[in-house]
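Engineer: If you want the building blocks of each chain, they are given just below.
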Amino acid sequence: MKKTLILVLALAGLAVAASAQGGTFKASLPVFTTSAGQSNDVNTVNIVMEEAEIKYDYCDVPTVEMIQAGVGLAGKKSGEGFHVESTTDPTKFPTGTAFKTVVFAIGASLKGMGASGLTVDAEEARVKSLIAYCKKNKILVVAIHVGGEATRGAAGSDNERMIDAVAPDADVLIVTKDSNKDGRFTKIADKTKAPLIQIDYALGLVDIMKTAFGV
Amino acid sequence: MKFDFRRAVIGLLAAAVIAGAGLTVFSQKDVSGDDLTLGPDRESCTVIMVGKAASTDGSTMTTHTCDCGVCDWTFGHVPAADHKPGSVRKIYHINQYVTFKEGTKWPYALTKGDTGFSIPEVPRTYAYHHGMFGYMNENQVAISESTIGTVRKLVNNTPSARIDLTMLSLLGMERSRTARECVEIMGSLAEKYGYGFDDDGEFFAVSDPNEVWMFEIMPVGPLWAPETGKPGAVWCAERVPDDQFAVCPNESRIGEVNLADKDHFLGSAHMVSFAVEQKLYDPASGQPFSWKRAYSPVADSAMSSGGRRSRLWRLLDLVAPSLKLDPNTPNMDQPFSVKPDKLISVQDVMNLTRDKSYGSIFDPVSGIRGGPFQNPNYYSGTRKVSVANSEYTSLVQCRGGLPNAIGGILWVVFGDQATACYMPLYAGITAVPKSFTVGDHYELNRASARWASDYVDFHTQVVYNQAIKDVQKAQLEYESAAVQAVPETDKAALALYAKSPAKAAEYLTKTCLAQADKIVAAWWDLGDRLLVKYNHMGFYDPEKRVREHVSLYDSTWQKAVKMVDTWIEK
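Listed in order, the protein sequences are those of chains A and B. According to this note's numbering, the residues represented by the first sequence are 44 to 258, in order. According to this note's numbering, the residues represented by the second sequence are 9 to 578, in order.
Everything labelled a hint here was simulated from the structure, so no lab data went into it. Careful: at least some of the hints might be erroneous.
Reference excerpt, derived from the structure (chain A facing chain B, CB under 10 Å, subset only) [unchecked claim]:
| id | residue |
| --- | --- |
| 1 | L72 |
| 2 | E96 |
| 3 | M109 |
| 4 | F136 |
| 5 | S200 |
| 6 | E203 |
| 7 | R204 |
| 8 | D207 |
| 9 | T219 |
| 10 | Q241 |
| 11 | L246 |
| 12 | V258 |
Negatives, chain A to chain B, calculated, CB over 12 Å [to be verified]:
| id | residue |
| --- | --- |
| 13 | T134 |
| 14 | R227 |
| 15 | A245 |
Cross-link-like lysine-lysine pairs, in silico, PhoX-like; alpha carbons within 20 Å at most [unchecked claim]:
| id | chain 1 | residue 1 | chain 2 | residue 2 |
| --- | --- | --- | --- | --- |
| 16 | A | K135 | A | K98 |
| 17 | B | K287 | B | K238 |
| 18 | A | K179 | A | K154 |
| 19 | A | K224 | B | K238 |
| 20 | A | K154 | A | K181 |
| 21 | B | K161 | B | K238 |
| 22 | A | K154 | B | K109 |
| 23 | B | K161 | A | K98 |
| 24 | A | K220 | A | K234 |
Keep in mind the model is a prediction, meaning the values are calculated, not measured. Even glycine gets a Cβ: it sits at the ideal position worked out from N, Cα and C.
With the sequences and hints as input, model every part of the structure.
Structural biologist: Written as structure tokens, this is what we have:
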């Protein structure tokens, strides 16, 4: 009875299926990767996924509708300042399968936003709308910051605004140690109780992702 | 139906003008859909290289047209320094694509910034002049830059890459006595400490009075960490033959590599094995390893890119027309370098950096591309050597047979080369002009040399085909004079140098600063005069105090207007 109760509580309480256990967490496929701030850090995340042999769908500037469309992203194609990639195995997850996990690579780049025709305000609003959709639909939100101290900034700066847009609502935070030198992510994790995983280099993400997705 | 047809024609014309009018904005993201980090729509800097036996005076010359639009344009001088054993050199990340608030970049980047990483310092660091990159040191080692991009999976924007491109150039300046040594130092530091962060595939021309090297470097992907024990960069360098002229227009230029031939090649020992590991080269293909095809492939030709990748063909063709190079030839198949039909002078190189592709198949003012005043900056179909978003151009001239302090000259022109004036900074000077150290993109600063250039450039755009003649007249007066003054300055400096190198340095500093001040003042004055002369698109003669009634409009443009008017009437 006790075990059953614990199980029920666990299922109810961890609706988003995240749990931190010694620097690991659990996540489910299919997974979607994207950027919060249009820096090149999402490229790093995608390379990590490839190294970990995790198939994913990706778009740098997705709309809520694209995430809502699930695997295949409604057949959207890359264009100027807009990149789409779908590597998810359709035999395992047919087109339209709802995403279980969304990974945000946080990092603001004025050049990146400019290339996508976005202002900081527009990017912030866009990211927040994606986060809201994920929360509403119980999609696991993984926030990653691998840009380090140099891609942090003063309160209210572009980088910090992107952190504010994603991290407080993330179910899992993964950051490089030098991204968290000032303890910003620790404070957020303490407040939200989200697991915080700290790594030395992006390389450390590979095993974490393998474990998380059970590959 | 007839009405719709006319509307369509007018719409197409309007669209063509609008599309042509926009300047290409520097963009970080790939728009071509391929897996490269640099496509033709975001190409920026041009490097021109001249070997010592290809120049009129036996000097080597290279250029960096710093084409950006949002970058810092300030220059500085870093003195030589001795360092105690155990000293460390702080390593900074210095983003080349950022406008720093005026006067804040270099204090941060050179001494005051907070950094969590440092490397062992060398006993002595050499003096050098820098702009966005280190450009020339006291040993006449010089650098010019062009971004070439690489395959996306090699990009390493993570902090594991400790050294970015600007930092690499500064370290090269501080530590090298020859171009070859500079190449080897930069390559080994990048391998040891990891290269990338703000930068990816990059090109440096590295020169001294004897040699010009093409140095290309790539990061090795975001999963690199020092603990892997693997090199954190992969690089390659090839020497430009002494009697040759070469170009890097944001494209990798090094093909097959023979590392056993140390006179002509230097590079990472793992360049082939790493390419195989990354599936960028298949030895089973039967093709020899090609550095550029593996690490930074480009498929276009000048013609196939519609002129977007025409700089390589254009510049090679300008100096060696006898070769009759074909603009249809893919750029990767164009020659590594060419022997110019005529020896090339420093003024020739200055003029090459001003090239707007006039008279070529990619002429930006043919037809109505240039608008009513034949302005070459409206049409963005052709990627010209000289573009309006140039921050400045550095032209480094390394001359043998002279003490390094006198032999080396860093020529600097701010803004669009076509409307500005080159100014010399000798290698031995101990300060750069104050006007070179101030100003940013977002506030007009009358103490800034760059804003003086922009002031002229802005007023030239109004009635371009007329105003450019006034500018060229001023260039002839001031720039040609600066070039012609070099032998005299050399002579005076040499006489002082024989007695006291410090006195020679003092003289050169005073001379260069005075010359720059004079030219900057002349350019502000020229801007004023252009404003008056072409005010209200008129033609005011301040001497006669009359407004001349002359038609300034290009005749082709006028015909085109009449043609469109006729269509509308129909």
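Engineer: Hint by hint, where does the structure go against what was stated? Just the numbers, ascending.
Structural biologist: Per hint list: 1, 2, 3, 4, 5, 6, 7, 8, 10, 12, 15, 18, 19 and 20 violated.
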